[in-house]
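**Student:** So the sequences go chain by chain: X and U.
So that you can map any letter, position 40 of the first sequence is 43 in my numbering, and since no number is skipped, the others follow by simple counting.
So that you can map any letter, position 17 of the second sequence is 140 in my numbering, and since no number is skipped, the others follow by simple counting.
Hints were generated in silico from the structure; no laboratory data involved.
Since this is a predicted model, take the numbers as computed values, not measurements.
Among the hints, erroneous ones may be present.
[Stated by the list, open to error] One side only, chain U facing chain X, incomplete, derived with CB under 7 Å: (1) Arg166; (2) Gln167; (3) Val171; (4) Ile172; (5) Gln174; (6) Phe231; (7) Lys233.
[Said to hold, decoys possible] Simulated coverage check for chain X against chain U, where a stretch passes if three residues somewhere in it have a Cβ under 8 Å from a Cβ of chain U: (8) 32-46; (9) 107-114.
Where a beta carbon is used, it is the ideal one built from N, C-alpha and C, also for glycine.
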Amino acid sequence: KAGVTQTPRYLIKTRGQQVTLSCSPISGHRSVSWYQQTPGQGLQFLFEYFSETQRNKGNFPGRFSGRQFSNSRSEMNVSTLELGDSALYLCASSLIGQSHNEQFFGPGTRLTVL
Amino acid sequence: AQTVTQSQPEMSVQEAETVTLSCTYDTSESDYYLFWYKQPPSRQMILVIRQEAYKQQNATENRFSVNFQKAAKSFSLKISDSQLGDAAMYFCAYRGMNYGGSQGNLIFGKGTKLSVKP
């Protein structure tokens, strides 16, 4: 069974631009969560989607948004990019939205904002 | 709010030796999950071991075991017979019990970089 895939793997943008990252969960998984990883702040939760609905949201500004499609694939969007948005963005999927389910992580998208 | 603290930014172990990584957490909940994740230089986050707070027995997975002290809010990871492939960042994480279709988010510690010397 294929793992979680994220595209693109690397991305370079300039300040003020917007970016869309994509995550395809493991087949059959319906819950997708996004995390931001930076050297300074570590791993921080962005949001969680289950059945096309945002179920949980971290403490990030409104420039960060996401959505989930009927096939469980998810996208996150960052508008008006800032230098501080440079990070590794990780996506994780799990079977359903229940606490006991393991989250499987993708390889991440490395975003660099110049 | 829940917090997770890993007090050892870096650790080093000799191949075939045993090493223990520390983790403490703070929560007012009685039921929750604790995890250790491994992130090698390839960056793919991999689950190493999981502990349910309601289980008193410490979880083990082959060479990996935990020492879960609920009252002390401590959750350390012991790696036995360390191998070169164990070199990675190790993250301790907490997740509370959630309902209503949400699995709840993981709260991570800052990580411990483990080096394995041949």
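**Student:** Does each hint fit the structure? Answer for all of them.
**Tutor:** Okay, the hints, checked on the actual structure:
Nearest Cβ of chain X to the Cβ of Arg166 of chain U: about 5 Å, under the 7 Å cut. The hint holds. For Gln167 of chain U, the interface hint holds, the least distance from its beta-carbon to any beta-carbon of chain X being 5 Å, beneath 7 Å. Contact between Val171 of chain U and chain X, as hinted, is not supported at the beta carbon level, the nearest pair being about 11 Å apart and thus beyond 7 Å. Here the hint on Ile172 of chain U is broken, as its CB sits about 11 Å from the closest CB of chain X, past 7 Å.
The criterion of a C-beta within 7 Å of any C-beta in chain X is not met by Gln174 of chain U, whose closest approach is roughly 12 Å, and the hint is violated. Annotation: interface hint on Phe231 of chain U holds; nearest CB of chain X at approximately 4 Å, less than 7 Å. This hint holds: Lys233 of chain U has a C-beta 5 Å from the nearest C-beta of chain X, less than the 7 Å allowed. For a cut-off of 8 Å, the count of residues in the region 32-46 of chain X with a CB near a CB of chain U stands at 5, and the three-residue condition holds.
Requiring three or more residues with a Cβ within less than 8 Å of a Cβ of chain U, the coverage given for the region 107-114 of chain X holds, as 5 such residues are present.
Violated hints, in rising order: 3, 4, 5; the structure is consistent with all others.
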